[in-house]
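Q: Sequence:
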Amino acid sequence: MASFRETGVLSREELAGRLPPEGRLRQGACAVIECVEEIPCNPCENSCPFEAIHIGEEITSPPTLDFDRCTGCGTCLGVCPGLAIFLLDLSPGGGKARVTVPHELLPLPEVGEEVEVLSRAGEVLGPGQVVRVRKAGTTWLITVEVPEGWVWDARAVKVVSHG
Numbered sequence: 001m002a003s004f005r006e007t008g009v010l011s012r013e014e015l016a017g018r019l020p021p022e023g024r025l026r027q028g029a030c031a032v033i034e035c036v037e038e039i040p041c042n043p044c045e046n047s048c049p050f051e052a053i054h055i056g057e058e059i060t061s062p063p064t065l066d067f068d069r070c071t072g073c074g075t076c077l078g079v080c081p082g083l084a085i086f087l088l089d090l091s092p093g094g095g096k097a098r099v100t101v102p103h104e105l106l107p108l109p110e111v112g113e114e115v116e117v118l119s120r121a122g123e124v125l126g127p128g129q130v131v132r133v134r135k136a137g138t139t140w141l142i143t144v145e146v147p148e149g150w151v152w153d154a155r156a157v158k159v160v161s162h163g
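So in my numbering, spot 149 of the sequence shown is number 149, and the numbers just go up one at a time.
No lab work stands behind these hints, which were simulated from the structure alone. Treat the numbers as computed from the prediction; the structure is a model and nothing was measured. All C-beta atoms in this analysis are idealised placements derived from N, C-alpha and C, irrespective of residue type, glycine included. Misleading hints may appear alongside valid ones.
What the hints assert, rightly or not - Below, in silico cross-link-like pairs of lysine-lysine (DSSO-like), each with a Cα-Cα straight-line distance of 30 Å or less:
1. 96 - 158
2. 96 - 135
3. 158 - 135
As the list claims (entries may be wrong) - Here are the in silico distance ranges between beta carbons for each label pair:
4. 94 - 116: 29 to 37 Å
5. 121 - 95: 19 to 27 Å
6. 122 - 66: 39 to 47 Å
7. 6 - 110: 32 to 40 Å
Could you build the full structure based on these sequences and the hints that come with them?
A: Structure representation (structure tokens):
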């Protein structure tokens, strides 16, 4: 399999060890940090009020997340300049999940609106329902309800139409 350096898209295999256990997601929202680059960056670590994110001694180390300390507050999503942090939540049950994604495009989706849910590669997974829209700094955070099986892949939304 080609690496993200060749494809531009991280695979689940490349994220192994960075994804929370399914059991943790059934307890409620938890952040997923899909940042694997060794670059000098630490706003996520500095912003976490629960000290769940750690960079380590080298500021170029990719961040790690303590899944047990993460409350799913979403503070880190709004400060990540790479838009590489998401919230995953399997607690709704009934075959549904919620994914919160950073969103910096117009138009802004509205609560109750059906949007296209996109994968990491920008491929359409299918429709999802927007259940929450909130602002975190200069970034909007969109929470969309999706089929449970999409929780590991849904990473963006596309507004199809308003109204």
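Q: Any of the earlier hints contradicted here, and which numbers?
A: Hints 4 and 6 not satisfied by this model.
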